[in-house]
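Asker: One-letter residues, chain by chain:
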Amino acid sequence: MQKVLSNKLAVFVFVFPGVLLFVLTFLAPIVLSAFYSLTDTLGPGTPIRMVGLQNFKELLFHDARFWKSLLNAVLLGIGYVVLQHPVCILFAVLLDRLGGKAEKFFRTVFFVPCVISVVVISKMWLTILDPSFGILNKLLDMAGLGAWKHAWLGDTSTALVSLLFILIWSGFGWGLLFYYAGIKGIPDDLYEAAQLDGASGLKMHLRITVPLLSPVIAVQVTLAMITALKQMETVFLTTNGGPGDATQFLAVYLYNKAFSASEYGYANAISILFIAVCLLATYLSNRLIRSDAAEY
Amino acid sequence: MKKRQKTITWIVFLIVAFGQLFPLIWLIDFSFVNSNDFFSSGILKWPDAPEWRNYVNAWVDGKFPKYLFNSVLVSAVTIALTVFFSLSLGYAFTRMQWRLRGFFFAVILLGIMIPIHATLLPNFAIFKTIRLTDSYLGLILPYTAVSVPLGTFILSGFLRSIPKEVEESAVIDGCSIYRIVFQIIMPLTAPALVTIAVTTFLNCWNEFIMASTFLTKDSLKTLPFSVMNFVGQYSSDYGSQFAVMVLTSVPAIVIYALFNEQITKGVTAGAVKG
Numbered sequence: 113m114q115k116v117l118s119n120k121l122a123v124f125v126f127v128f129p130g131v132l133l134f135v136l137t138f139l140a141p142i143v144l145s146a147f148y149s150l151t152d153t154l155g156p157g158t159p160i161r162m163v164g165l166q167n168f169k170e171l172l173f174h175d176a177r178f179w180k181s182l183l184n185a186v187l188l189g190i191g192y193v194v195l196q197h198p199v200c201i202l203f204a205v206l207l208d209r210l211g212g213k214a215e216k217f218f219r220t221v222f223f224v225p226c227v228i229s230v231v232v233i234s235k236m237w238l239t240i241l242d243p244s245f246g247i248l249n250k251l252l253d254m255a256g257l258g259a260w261k262h263a264w265l266g267d268t269s270t271a272l273v274s275l276l277f278i279l280i281w282s283g284f285g286w287g288l289l290f291y292y293a294g295i296k297g298i299p300d301d302l303y304e305a306a307q308l309d310g311a312s313g314l315k316m317h318l319r320i321t322v323p324l325l326s327p328v329i330a331v332q333v334t335l336a337m338i339t340a341l342k343q344m345e346t347v348f349l350t351t352n353g354g355p356g357d358a359t360q361f362l363a364v365y366l367y368n369k370a371f372s373a374s375e376y377g378y379a380n381a382i383s384i385l386f387i388a389v390c391l392l393a394t395y396l397s398n399r400l401i402r403s404d405a406a407e408y
Numbered sequence: 032m033k034k035r036q037k038t039i040t041w042i043v044f045l046i047v048a049f050g051q052l053f054p055l056i057w058l059i060d061f062s063f064v065n066s067n068d069f070f071s072s073g074i075l076k077w078p079d080a081p082e083w084r085n086y087v088n089a090w091v092d093g094k095f096p097k098y099l100f101n102s103v104l105v106s107a108v109t110i111a112l113t114v115f116f117s118l119s120l121g122y123a124f125t126r127m128q129w130r131l132r133g134f135f136f137a138v139i140l141l142g143i144m145i146p147i148h149a150t151l152l153p154n155f156a157i158f159k160t161i162r163l164t165d166s167y168l169g170l171i172l173p174y175t176a177v178s179v180p181l182g183t184f185i186l187s188g189f190l191r192s193i194p195k196e197v198e199e200s201a202v203i204d205g206c207s208i209y210r211i212v213f214q215i216i217m218p219l220t221a222p223a224l225v226t227i228a229v230t231t232f233l234n235c236w237n238e239f240i241m242a243s244t245f246l247t248k249d250s251l252k253t254l255p256f257s258v259m260n261f262v263g264q265y266s267s268d269y270g271s272q273f274a275v276m277v278l279t280s281v282p283a284i285v286i287y288a289l290f291n292e293q294i295t296k297g298v299t300a301g302a303v304k305g
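Residue numbers (our numbering), protein chains in the order written: chain A, 113 to 408; chain B, 32 to 305.
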């Protein structure tokens with residue numbers, strides 16, 4: 113057994129191709145990106161001039177858009193955690209207790225928006241929120257709230273909130289599924305024991321489900337923050353960061369800097385900081401998780 | 032659950048389900064009506080006669096068959112590669128004994144944390160230099176590289192729950208390591224592999240930003256572009272726009288309906304324990 117499992121040739125055959133692909137199309141590019149971030153090149157194939165850390169200095173100390181992007185990501189992350197996750201947990205508990213065919217049915221339905229292409233989701237919501245014929249404004253008209261009508265995604269005061277709503281709506285199924293899976297992992301006998309002790313309903317869930325779910329919650333909060341940081345496609349396809357920088361996110365910003373503004377070197381500097389922020393967020397939340405992980 | 036509680040749960044769930052599905056119902060509804068009806072005051076509209084023309088336009092002007100073919104090809108190859116790499120890497124990381132396995136496992140897992148958008152710019156430069164832009168490989172390679180980390184992670188978790196006895200007896204029978212992995216472990220890990228395949232499918236089927244960066248040739252474009260085709264030039268033809276969105280969504284919904292158990296199981300196996 114030992115001999116077979118430490119077969120060096122087999123290890124090489126299993127590991128080398130996968131690692132090679134990953135390094136060549138994932139890690140090596142990032143090294144190249146780090147190099148470009150030190151230049152002021154306009155795009156691939158144009159002359160390269162080294163400028164040292166100037167891009168990073170500019171980004172960190174003079175670029176309000178960079179900080180605005182980070183702030184928006186934090187707001188989106190908070191939106192996930194405060195608005196989306198409590199509902200997801202509540203629904204996961206209820207779903208688990210519903211049982212039978214209904215449980216499966218609702219679980220399937222709630223997840224449907226998650227399998228729809230981001231292009232479709234974006235174009236669909238652009239139409240729903242359209243100021244002239246969108247159904248949201250039509251609904252408000254019908255409800256006699258015509259005064260509330262808005263160019264939802266086009267107005268600085270409502271653009272970010274509207275976008276957060278779209279993202280929370282479309283990500284709801286994933287959040288629900290994660291918590292649902294976590295609840296399924298809690299042994300039933302714990303609930304039975306609690307019921308024998310006279311606990312029931314909400315109290316039982318506050319005492320058992322929430323504490324036992326805390327590792328899942330911790331992982332989900334981390335994931336929410338990282339998902340928020342990584343947000344790109346929906347923004348890119350709906351508001352493209354605007355109006356102004358109201359819905360600016362890092363990935364959108366770096367994309368537009370590289371391909372619309374032709375500031376390729378600068379865009380790569382954003383890219384490198386982007387990675388740093390994501391790794392930092394993962395590291396910080398991992399430490400938080402380890403300090404209060406519960407065992408059962 | 033008490034009867035009254037159950038009723039309330041049903042009502043709340045139905046309302047939210049309606050909220051989740053309504054935009055899609057609306058999409059389907061308006062894919063059957065005349066574009067002029069779009070500006071009428073109703074929320075939903077019963078079509079006087081279904082506008083099949085919208086679907087014809089979607090099929091033809093959305094270049095649906097061609098893009099569908101490209102999506103199927105790119106997804107199929109990506110899924111095959113991802114499953115193969117996840118299986119071989121997962122096995123080597125959890126079962127085999129070698130010195131640098133901790134290090135390489137950590138390297139692969141970096142792929143879960145680092146945003147793919149950070150690889151967009153440099154990959155564009157590299158692919159342009161080695162002429163991988165405007166080729167199927169230019170999508171398949173990054174899609175696979177992005178999918179392998181999570182796949183490996185899910186499979187490693189799954190492998191740890193499988194007892195080692197089966198492999199031990201296979202070794203005693205003189206089975207080679209390759210036969211063990213591909214004839215014994217592969218069927219045993221089939222549920223995890225299906226999960227990996229389905230999530231990989233959804234990811235590359237719906238992926239847009241890499242495709243739009245790496246592809247300029249129309250003949251190679253994938254399904255999301257059929258929607259984009261209607262945005263500029265046909266922007267007032269909402270009926271056809273909606274029809275193309277419905278057509279694009281159908282395959283993903285069908286695959287999801289077939290495999291939704293596996294997605295749930297995969298989440299249980301992988302992400303929760305992570």
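Everything labelled a hint here was simulated from the structure, so no lab data went into it.
For clarity, every value in this text was computed on a predicted model and none was experimentally measured.
Where hints are given, some of them may not hold.
Unchecked claim - The calculated lysine-lysine pairs, modelled on DSSO-like cross-linking and capped at a C-alpha distance of 30 Å, are:
no., chain 1, residue 1, chain 2, residue 2
1, A, Lys315, B, Lys296
2, B, Lys76, B, Lys94
3, B, Lys37, A, Lys213
4, A, Lys120, B, Lys195
Asker: Determine for every hint whether it applies to the structure shown.
Answerer: We went through each hint and held it up to the structure:
no. : hint                  : verdict
1   : A:Lys315 <-> B:Lys296 : 29 Å, holds
2   : B:Lys76 <-> B:Lys94   : 27 Å, holds
3   : B:Lys37 <-> A:Lys213  : 13 Å, holds
4   : A:Lys120 <-> B:Lys195 : 20 Å, holds
No hint from the list above goes unmet by this structure.
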